[in-house]
Amino acid sequence: MGTKQLIGALGEDFVAKYLVTRNYEILDRNWRIREGEIDLVAISELGVVVFIEVKTRTSVSFGHPLEAITREKAYRLQRLALAWLTVHHKWGFEYRIDAAAVLISKGEKFEIDYRIAVL
Amino acid sequence: MALALASTVSLTGLIGNIIDVEVDISDGLPGYILLGLPDAALNESKDRVRAALVNSGESWPNKKVTVSLSPAWLPKSGSAFDLPIAITLLMAQGQVPKDEVGKCVYLGELALDGQVREVRGVLPAVLAAKKSGFIKALVPFKNYAEAKCVSGIEIIAIESLRDALHYLRNGEVPNFPEQIAISDSDYFLDLCDVAGQVGARKALEIAAIGGHHLLFIGPPGTGKTMLAERIPSILPPLSEESILEVTAIHSIAGTLPDRELLSKLPPFVAPHHTTTAPAMIGGGAHAIRPGATSLAHQGVLFIDEAPECARGVLDSLRQPLESGNVTISRAVGSVTYPARFMLVLAANPCPCGRFSGRGRSCTCTQIAIRRYLQRLSGPLLDRIDIRVFVDSPSRIEMASDELGESSAVVRDRVIAARAIADERFIGSNWKLNSQIPPSELRKRFRAEKMGMNFLHTELDNERLSARGFHKVLRISWSIADSKGHIIPNRDDVESAFRLREGMELLA
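One line per chain: the protein sequences are A and B, in this order. Residue numbering for the first sequence follows the numbering used here, beginning at 929 and increasing consecutively. Residue numbering for the second sequence follows the numbering used here, beginning at 65 and increasing consecutively.
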């Protein structure tokens, strides 16, 4: 695993833990089809399926991590979410798309900016 | 969720509309949405505002920013929204105390480093803000003098976004330049430079008194242009109200630096004869800018070599000549600018220009000579009140080292004559002899009996049209005013007739 992937995986782990402490259950991680990948899929206490796009950075000098989610990427997330629901026979479930920005600074300090229902 | 509101002004022609800039900052993906029919320059505001904020040491919200400019149906253009957007953004974030609604307007374009750049149309914008009850305006430093022309509203000049924030946070007003007084400077062109031309001078004076339109015909180098350029110097200075109006038009056109700010001098505009109709009456795809006719409002529009002008261009002058304003319609909307000017045309007598006196040196054929002046369309020529043939000054006139009358002397006479006319027109909605409506001319403003007899004879002899009849009467009132006659006598009427026909004046 390269450094970039490692950082990405670290960030996703952190978000997964963050969600579990808030009573979410993780359903899937790094679900990949030809069109792309969903970082995290979780289900809330109320039964809402949540798709989470995680952006991890070690510095903010290239702008806010969530700015990397362009309009096109957002639409792709939407399509991927529907694909996941179809594959897992979860039609009719309420779902939403969240985004999480993780900043790992020196000394392995994690900072999270979690945004609900970004689409 | 964070919300804030501030106001600015958008111009449609000379009319300012108050625009509310609303900013909402909400969670969601970082992004920027601008609503309210922005044009290209305005859509680019996002990147200017962001860079300016960051480079002024402020923070950009990494959230979903929605900017709405209302009323939403009004198309908005230009870069003067940068400053209000930046400030409203900071208000929404709580970085700057929120505005009391309806108190202050903000105008200015932002540079990437946070400097505030000048914008067009500040004077009419500030005027509109004052009329809508605003008590303060933040304007770019370079537009300060212009904005200061409007009294009864506090003007705060800023050089940068930092200045503006400093003011909003601490109430500290940035350094103030001196207040500009209305410029009294004398025109550098003076009528005394013109040698001889007694007849033309007299015609100019009468034209200036009544605001009559002029046509100069004469060979090249005889002083047509020289005479025309000196007309503003003999016109009465502009009234306070006119100064504001004229300065506002020039502010929108972006031609203020050419013109001394708040000049009392009537404008003089001389478009080239190859000019196009949109340049003449105004136009433009995005923001409709005033043309030469509006820039010459309350002053002189001079067209040299008028027969060389494209016919459509000259004919486009007919609407402003008739109504005193121009209405321009484009896809973005329609705009009306004032355009009440004194039209002065100059023409050579023939294509080679030497057909004068006995016309010996002229090389043109008879037909060419006849056709040349026919290029000026009949309806336009009909609106010209006074025709002047300008010929080379005689040997005696050129040799004389005595200077002609100076502009100041002539102007004093013009002012005195206009004062008489003003008194006569109290309670009417026109101010100049050239503007008396025909019905009033026949009822209240007839000449003496002998004078009317003269006109009726000329009418019977078909040497005068009905329109010509009215024109001559109007000119005769100007002549009467210049001589202090209470109503025009027979001589005044005959002089007026001769001026209209371009004949030598009686002594």
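Honestly, I wouldn't trust all of these hints.
Stated by the list, open to error - With a cut-off of at most 30 Å between alpha-carbon atoms, the simulated DSSO-like pairs for lysine-lysine come out as follows: (1) A:Lys-983 - B:Lys-206; (2) A:Lys-1001 - B:Lys-128; (3) A:Lys-983 - B:Lys-128; (4) B:Lys-206 - A:Lys-945.
For the record, the hints were derived by calculation from the structure and aren't laboratory data.
Hints that the structure is at odds with (numbers, increasing): 1 and 4
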